[in-house]
Each structure stands twice: as structure tokens, then as C-alpha cells.
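Peer 1: Work the whole structure out from these sequences, hints included.
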Amino acid sequence: MKLKIERISCFFVVSLFILFSPFLFGLDSEALQITALKISRPINMDGHLKETLWRSALFVNNFIQKEPNEGAYATEPTEIRVLYDDQYLYFGVVCFDSQPEKIVANEMRRDGELQNDDYFEIFIDASHDHRNAFYFAVNPLGARRDALIRDEGSNINWNWDGIWIAKVKRTERGWTAEIAIPFYTLRFKKGKNQTWGINFGRHIARKREEIYWSPILRDYGWSGKYKVSYCGHLQGLENLNQGKRIQITPYLIGGSIQEEEEASLTRSVDLGLDLKYRLTSNLTADITINTDFAQVEADQEQFNMTRFSLFFPEKRGFFLEGADIFRVGERYRPYEPPSTLFFFSRTIGLSEDGREIPVIGGVRITGKTGSYDLGILNVLTDSTSYEEDDEQVNIEKTNYSVIRVKRDFLEKSTVGIMVLSKDSLDSSYYNRGAAFDFNLALGKSLKMGGYAGKTFTPDLKGKDWAANLDFIWESDFFMADVSYADVGENFNSELGFVPRTDIRKIKANLGIGPRPNILNIRQMFFFNNFIYIENHSGQLESRNILTGMFNLFQNGSNLLLAYMQNYEYLTDGFEIKENVFIPSEAHKFNQFIGWFESDKSKSIALRTEVNLGQFYNGRLFRVNTSGILKLNKNLNMEFIYDRNQFDLPVDGGKFTTNIVAARVIYSFTPDLYAKAYLQWNDDENLLINNFLFRWIYKPGANIYFIYNETRKLGSEGYIQDRALMLKVSFLFNY
1 MKLKIERISC FFVVSLFILF SPFLFGLDSE ALQITALKIS RPINMDGHLK ETLWRSALFV
61 NNFIQKEPNE GAYATEPTEI RVLYDDQYLY FGVVCFDSQP EKIVANEMRR DGELQNDDYF
121 EIFIDASHDH RNAFYFAVNP LGARRDALIR DEGSNINWNW DGIWIAKVKR TERGWTAEIA
181 IPFYTLRFKK GKNQTWGINF GRHIARKREE IYWSPILRDY GWSGKYKVSY CGHLQGLENL
241 NQGKRIQITP YLIGGSIQEE EEASLTRSVD LGLDLKYRLT SNLTADITIN TDFAQVEADQ
301 EQFNMTRFSL FFPEKRGFFL EGADIFRVGE RYRPYEPPST LFFFSRTIGL SEDGREIPVI
361 GGVRITGKTG SYDLGILNVL TDSTSYEEDD EQVNIEKTNY SVIRVKRDFL EKSTVGIMVL
421 SKDSLDSSYY NRGAAFDFNL ALGKSLKMGG YAGKTFTPDL KGKDWAANLD FIWESDFFMA
481 DVSYADVGEN FNSELGFVPR TDIRKIKANL GIGPRPNILN IRQMFFFNNF IYIENHSGQL
541 ESRNILTGMF NLFQNGSNLL LAYMQNYEYL TDGFEIKENV FIPSEAHKFN QFIGWFESDK
601 SKSIALRTEV NLGQFYNGRL FRVNTSGILK LNKNLNMEFI YDRNQFDLPV DGGKFTTNIV
661 AARVIYSFTP DLYAKAYLQW NDDENLLINN FLFRWIYKPG ANIYFIYNET RKLGSEGYIQ
721 DRALMLKVSF LFNY
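Every letter in the sequence shown is one number past the one before it in this note's numbering, and letter 22, counting from 1, is 22.
Derived by calculation from the structure, the hints in this document are not laboratory data.
Do not take every clue at face value.
[As the list claims (entries may be wrong)] Below, a list of computed lysine to aspartate or glutamate pairs in the EDC-like style, where the Cα atoms sit at most 16 Å apart: (1) Lys167 - Glu51; (2) Lys102 - Asp85; (3) Lys654 - Glu609.
[Claimed, not checked] Here are the simulated distance ranges between beta carbons: (4) Leu724 - Asn590: 45 to 53 Å; (5) Gly714 - Asn517: 51 to 59 Å; (6) Pro514 - Gly254: 55 to 63 Å; (7) Glu609 - Phe293: 36 to 44 Å; (8) Leu32 - Ile289: 44 to 52 Å; (9) Lys463 - Gln235: 50 to 58 Å; (10) Phe308 - Gly254: 38 to 46 Å; (11) Asn634 - Glu391: 44 to 52 Å.
Owing to the predicted nature of the structure, the values given are computational and were not obtained by experimental measurement.
Ideal placement from N, C-alpha and C gives every residue a C-beta, glycine not left out.
Peer 2: If you want it as C-alpha cells, here you go:
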């Protein structure tokens, strides 16, 4: 099973040849068409569609179901019209409904979760490369959601915030929407006459009905609607102007901060600047100076039951926009944490325990030129120090650089390279890395991918490489994937997420998804997942076999029942809780797993997960439950309770951990909301409070009021840190 470095080198040369070869690609297939009508005056955005301009435009209305009856016509009609002027692309949407009183709309705030509401969505392939698209969605309350879709849905950046406008109205016949997207929000090629890829979708929540203008087949897999190559065509666009080239967003932040246990509150007033400059029609530079992330929500508390680092997602805006192009590593599914990421932006500006490190500034260039995707990132962080466990921790001034080039080839495949560099400006220390990766689409269901990389660190020589190869088959009835990963003992990507080294890993997943049409079941999934991990000496370290069944019901509720068999060989014991150790020996343990989630479109929804059985040399009973309460269209409440009850045959091995969280969101309008987030972790004895008030007073400009506090509880409780801040951002276009 040993991976030969010579083969990696050969593959690297071949990939570079493909990357820089004049390979042409195209997609020749008949597609549905809709024509945009040029208008001379702007639309009055009120959601009504009563202006005569709308009646002049041609419309489409032939929507087809994906769920629940694939290929059937939609049960509720939908009409779409498209207009444009010199600045905006307009969409007029009429969502007819035979029972308008049963329309589901619970979310109002910007970027809220819409999947359990009625909503309308647009997919725009403005560069017409059949791979990448802009995504826009709106529900009957005017809540907006947007994203960047890359590589046919392989990467989706849900944290992208585009500038656009949506106004909606409820009517006796359903609901209507007017959507205006500035051309400067979109990236497209120059040309007198434009043809773009486009698709429209609608979700009717009470029926769990998914309908699309350009039909989406179930066999395209769970991410089928993001397969841009199956979009229709938007025609009639002539002499488009992307408009202003520069967006300047200065911000002012002021307040009081207490950073350490015994420190007093200090007043702080600061200025920062974000600048966006369009270098070409499809290439953008972003500059940030004196970057601040005060409005970012705290990480969700977790209890670590493993000997490896936990994964916490990136939440900071500057690093989230364009993040999809920088993704290199093992492929992972949306419901699981990544195994290895060659680059992970949380390593910049945050310490290992989540403390903020000052970001002096940064530059990012992202976009597309021809068939090449380009990403360049350079960030400078300042030196700082803090106390941890009564020890002084000093962080050096550091520069971080990332260069990423990816090339399209064939119809839906890519190959790319990435170079990383971390350089201390206070010493001679450095850490660097280089990698290549590829994704090969072999038809509508089969994909192949992989990467290989090497790191360069002083005093770590040899065994500093990592590689991965995977095959995935995904259709409606049959799902299978197999992968092999090899991570050297000294592989050390300090700009990445690498929880485990010195391993060879095989993963295999197999599943079928019949649709029995009984007991109100929409689809059943029977699956078997297998993971085998050994070190480079051939010693088996981990083996996990998960066998189970997942039922998806017609109303959206779901049920999972599974049995997991585990083997873990510990060469060294690890501390699962302070002064409680799992011993170094071979452990075999099995667990039952159960999960139920109710229909989340209802005003009350519950989810419960139970793990019961053995845990290393003892036993574990785990319950994780959450509830969502939607009192009205303005107020949403969420509660989470996680309880782990351990019984281990060691001193102090009988203990229980509890994590409680509550999130309350009140939306005054789609652009004005308040959010409170409270967490209690009894293992760390922490109480964490976040309060955020956000007003989007005009597209792209915000006012934030923030209060954050972390409090240590107990007889000697104290406030670890707290901040009360006001942040105002402005937007200027030139």
C-alpha cells in the first residue's frame, strides 16, 4: 500500500502539462432559452410587478418537478420575466399558489436559512463557463440568501454577500418578487452580445416540492441543482457595462474592551478600510487595512472525545469571500468535518485556542481569466502576547502568502497548483508548502479527484508529504466512494488543518436509496461506511465500520438508526478530561446511534441524537438535542443541549459533561435584526454571551452594535474578557 513518491512526481509533471496546455473545452447541448428585454428607465422596486414594462417582457412558466414526482409538471404555476437597463438586471417573479394561506415563511433576516420555507432561487452563470455561478434566493418575507457556486457545486461559498435588492408582496393568488442585481455584483466577459447560463428554482415547503425551469434529475445527486452545465440560456443582453470599478468601505469602531482577567475596561476608537477594485471584467482585488471582526459570532462550544484537534469553521468575512478557490485537501461531505486541508484560513489571525491576533492588513486577488482560476492572498499579522495556564505566550509578527492557480479542462474537470508561505518578521522561522490537485468528471455520476503536497519546515526533513486519491459515484439510487490518503510523519502545513499525521488511510462508503412509496417515506438509504487507518510501520491504529439506515419522510422529517464498530490502538494514552486518561492499549468498542428530526417548516421543530454503548475501555451515553421555536415571522428561538455521560474504569472516570446553548433572533425587517447567543460549558466552567444588532441601512453598508463576554464560573469566577462596541461601515462606489 505504500505510496511511491516517484509516481507522485510523474503525476505532478502530467498535471502541470494539462494545467498550462491549450486544452479547449465546451458544452454543446440544447438548452432552454429566455430573453431579457432592454428598458430605458429603472424599475420601481416594490414587489408588485404592476409597471407596464413587465407586461412587455416575454415570460417562462414551464417548471418541472425534481421532488416528489420527478419529471412531472409543477403543481403550482410560476412565471419569470427578465428586464435590464444600464445598471441592473431585473427579475419579475410570480409564484402562484392555490392555497396562499398555507405558504410557509418563517425567516426574515439577511442570510437566514431558507430551506424550510417557500422560496424562489436564481442560478446565473455570467461567465458562461458551464461550471461556476452566482446564486440568489428570496422567500415571501423578503429574506435574501446568496452564494458562489464553483465546479458544479463541488464547492459552494454560502458566506459570500453580494449587493442586490429584493422586494416581495403576498397576494390573494400567492406571492410576487422583484429582484434587481447590479451588473457590478456579477463577473462576466466583455462582449457586445452576451449569452449567460441561467436556471430558476422554487421550493413549495408544505408539499416538499422542488421545481426547476431547466429540469434537474435526481440522478445528478444531492447537489444536482448546482450543476451549472445543465442551466438554460439567458439571451438578449447587449452592450453591458459592469459599472463602477472601485468599492470603498471604510468603517469606524469604538467602545470598551477588557482583554484579561484582572484588566480594567479600556476605551478604544479605531478606523479600518476595505477596498474592492475590479482589475478586469472577471478579476477582482480586495484590500483590507486594520481589519476588525468584532461582529463575528463565537465558536460553538464542543467537548473533545478524541485525541485530535477539533475543527471550527471560518466565520470572518474577509477570509470567507473567495475561500472556495483556495480549497485543497481530502474531499469531505457537508455533514462531516474535513480530514486534511492544505490551506485553512483560521490559521491566520487566530491562535490555536481561538484568541484574536491583530490583522494589520491584507490583499486578495480572485477571479478568472480565460480558462484559469486565480487566487492570491497575502496577510500581515502583528505581534502580540497573552497569558495561558500562567505562562506567557508570545506571537511574532508574521506574513502569510497563498498563491492558487486552477485550470479548466475537458467539460467539467480541473487541475491546479497551490503554494503557501508563512514567514516570521521577528525571527528566521518559516513554513512553506506546495501542492497540486485535480478533479476529473467522468460522466454525470462518476468523479475522480486527488491532491499531493509537500511542506518545508526547519528541522523537519523527510516524510513531509501528503497525498490523496478518491473515486465517487453519486446517483439517486446508488452511491459509492472509495479513497486512499497518505500523510507523512513530518507533513506540517501550518497554514492548513492537519489533525493526524504518519498515517495511511482507506475509506469506502456504499449505499442505496430506494423509494418504496410506503409509510409516507420519500426515500430510504441503506449504507455501510468503512475507515481503515494504519501508520507507516504497518500498525493498525483505527478501524471504524458504520452500518445503518436513514429514512427521509414526505414532510421533511427524518430518522437514522446505525451501529458503529470501532477499533483504536493507542500508542500513548490521552487526557479526555483534566486528570482522566484513556490508557495506551488496543480498544474495541461498539455503539448504537439513533437520530430523529421533525419537520423544520413547522413553528416547533425538534432534533435528537443518541449514542449508546461502549467507549474505549468504558461506556458512554450521549444525548444531543435541539429545538427551534418560531413564534411569529419576526421571532425565532433555538435551543441546544449536549450531554455526555462517561463511565470509565479509571480514577475520576465517572463524569458527565453538559453544553447548553440558546440563540434568539428578532428580525424587524429583512435588513434589521438583533441576535443574542448564549453558551454554557460546564467542563470548561464557561459562560459565553454574544449580542449583535445589525442594520443594513443600504446595500453593502452596515451598522453593528456588539456585546461579547466570556465569564469563568465557580467560587472564584471572573470575567475573562468582554467588549462593548459600535461599528459603522460606509460604501462608496467609483
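Peer 1: Hint by hint, which ones does this structure get wrong, listed from lowest number up?
Peer 2: 2, 3, 7
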